[in-house]
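Colleague: Here is what each chain is made of, one letter per residue.
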Amino acid sequence: MAMNLNGVGYIVRETARNLIRNSWMSLASVSTVAISMFVLSFFLVLTTNLNHVTSVLQSQVEMKVFINRQVPRSQELALLKKARHWPNVRRIDFFTKQQAAASLKQEFPDQRDLVTLISKSNPLFDGYDVYTYRPQAIPQLAARFKKKSIVHTVVYEGQVVSRLDKLSNILRWVGWIVEGLLGLATLFIIVNTIRLAVFARRREVQVMKLVGATDWFIRWPFVLEGMVLGILGALVADVVVDGGYRWLTGVAAVALPFWPLASLHSVMSEVLMFTLIGGVLVGVLASLVALRRFLRV
Amino acid sequence: MIRLEKVSKRYPNGHYGLVDVSLTIRRGEFLFLVGPSGAGKSSLIRLLYREESASQGEVFVDQFKLSSLRRSQVARLRRQLGVVFQDVKLLPQRTVYQNVAFAMEAVGASTRDIHKRVPQVLELVGLSRSRDNYPHQLSGGEQQRVGIARALVNNPIYIIADEPTGNLDPETARDIMKLFVEINRRGATVIMATHAKDIVNQMQRRVVAIEQGRIVRDEVRGVYGYES
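Residue numbers (this note's numbering), protein chains in the order written: chain A, 440 to 736; chain B, 3 to 230.
So that you can see chain B by itself, here it is in the shape it has in the complex (with noise of 0.2 Å):
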């Protein structure tokens, strides 16, 4: 389970990325985070992997308290979640195959775990012909598959998505938001900030809107509610 009580961001050039969050998100759901560009989306999902800390309130995510977080603990609370952007972060002298299993490296996996797993993983992203290409040799949706098959390769229990298909045209996004809905049905908890009305529109899942920093609704099965 996350919760976040009270989350205040404030950034040293005193603009507020939040005010004053509540929020609870509980293992299996799937989440999306709507509001303008710059009202605090991305300020969230970074609280939540501890790239930035709350200036107030508390982040809870199972059993880090985050605000107390040693360093040597920030690596095994990242463990637990796998985060997906909006920039994919590719490494881009590693075929698609090294770049998916270096996320294992990184961790201490062993040899045979990773030849185990990673073919795994590239086929459930439909990425198995391609394992041995390299970034820049594929389309940006078939990167941004890899850069999901990495953040799910070590089994996290949530899966942190900041604008995933941005940079996708339609028929591309659609393909990969179908792609996190069969990986919240095998487990995960997806939590997705993203811009893409109509497939938000179309699934019907919780939907948590934020305006200047605030959370302004809350629905099991939201809609966008923009027009963007």
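Next comes chain A alone, as it looks inside the complex (with noise of 0.2 Å):
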């Protein structure tokens, strides 16, 4: 594989000679790949977006232990203390009810009537907001305050995020097979174009074979010439791509203002990588799948 700077100048020229010779096949390659570049990058942006949702649904309380009123502070604080050291409780804070009712007027800050309503007479309750290590903890831990004579209620949102899990798993899987199947048929694509550049060049590469020429000074121009139709397509998937995101969360902003969408920076740093990576890989594994049976002389 190791080559002096002699051959480079050869090889940049003759990878340009066959993209330009054979440009309708480069053409035709660099949209089948552009294409299954795009796919990934849908999966991508879904499955980006759903971590991005569970782990803000994560970092939100996820369990509320609320307290019967009429308890003591001490009682209440007594709890706490002790629940501090259970299995599986990462962070466990106190709240009076006035905590809670400026909390909720600093969130719904339009709701005239709420405001009002618990600025009358406060409904609401002392409690702690808990966090867990893995929101499978959640269920036994809810048991186990809710055993406590002093607790009134509990409230956790861990069903919600471990479903979400799920879903962004499958979505994986279901990645990874579409974008299997569609990496075959990019890479059959191009072997026929590289095939079909090697063809038009089996002489060049019979006399190189026959003076002495190594097979990696034959296979490099044929292999970057993968290379550039891999990456053209990645980076055309990528400009869509990129486009289609701004659109997405210019649209999303005014009809969804609630939905957390993930960041088109962390979108398309995922996007980009994965898709380059991914069209180098299926352009060299093309030319050297096509080269094969040329180089047996």
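Just so you know, the hints here were simulated from the structure itself, not pulled from any lab data. From the three backbone atoms N, C-alpha and C, an ideal C-beta is built for every residue, glycine too. Don't take every hint at face value.
As the list claims (entries may be wrong) - Have a look at the derived ranges for each label pair, beta carbon to beta carbon:
1. 728/A - 14/B: 24 to 34 Å
2. 735/A - 60/B: 20 to 30 Å
3. 734/A - 172/B: 32 to 42 Å
4. 17/B - 728/A: 26 to 36 Å
5. 451/A - 10/B: 43 to 53 Å
Stated by the list, open to error - Negatives, chain B to chain A, calculated, CB over 12 Å:
6. 7
7. 12
8. 13
9. 25
10. 62
11. 69
12. 78
13. 83
14. 107
15. 176
16. 180
17. 187
18. 219
19. 221
Reconstruct the complex from the two isolated chains, following the hints.
Modeller: Quick look at the structure:
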């Protein structure tokens, strides 16, 4: 695989010549890669967003424990102290009903009726915000709090979180399978493009082998051609996805203001990385497959 | 030194190209391989540059033991050999100069070396004035000279030619043969399969005759010996 610098100029020239000579097949290959990478990006956008929603939900209170009215503060604080050492408790914060009312007001400043209601006679409870290490531990922990006589109710969203987790796992698998099939189709098209290029140059390849060119020296222009096709296709997909996601976030900001969409930056960094890696891989693999037969001289 | 030890070549269809051939060729020799068509001359030549491998026996070319050559070493073997074909195998879209330069590009030579070496070789084969012509603009003899220039350009130790004058008229063939003599005089070992009876008889070089895959004659100052 090693080569001196003299070969580089030759390899670049040959690559450009091949791409131009088969411009229609090159175009077809780039389009196929682009479509395949677009589908890959689609799944990436979906899973990135699902992960984003999941993490937003997880960072919010995982479990709220409400204490009966009239329970003295000392008992409330005693349970707080004990619960801090229970397994799976990551963090536990005490809040009074006044604090609860304040944060409600802050969260919904436009809901006049609500604000007046909780300002007049506070119907809320004292309680704890409980955070866990694993969402799966929530039901068990909730049951443990409920057994205490001072506890009124326990509320948690753990099920939503673990369902979202499952969904994004399934989506990831579906994504890989669809992408695998599309990848094969893409591979097939690029193999044919490169094979045309090799076929057009079979006499050159034969002469090169006979005068003692190494296999890698012969391969490089074709491998580079495959890489260029793969990268171009990936970039086309990236531009489309970037534009599309900008549009989507714009629309969503108006139509679904509370929906936590993943940022353009976090989506595009995933998309760029995976599509470029995918494009290069599929391009290089295709050229190696296409060349195998021709190098046996 | 090239050495064949009890080499047999059997093709997949069961036909034998060579049977139990042993032969030693020293550096600096000029050797003719003669014999009827299909006798095994081309088989022997293809074994030397490893287009084919022996079925039995062993072929040595200098330090290379051809039966145990890895793919990466085949390239190194071929850089010691310059091969000239009856059908020349020139690249039609490249000029004379580019065809010869291509052989140097293919082994990663620097542009400076190429600019220096190619004109020298074209001068040697007498094609300096046709350097910018395309192969189809040349006569058969001139095309073969380009083929020889390409074989020479990487300074090989051995020049191997498979009926290089097969498609040429006797006059042109004689000129080409003179060129090989000159190449041999400059130090390269020349191994040539040929049908050119008159030339072989006239040149008085080592002649190895092959019939039905076997060596039947090996003479230091030989003659063609067949009524073809």
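Colleague: In ascending order, which of the hints set out earlier in this document are inconsistent with the structure?
Modeller: 12, 13 and 14
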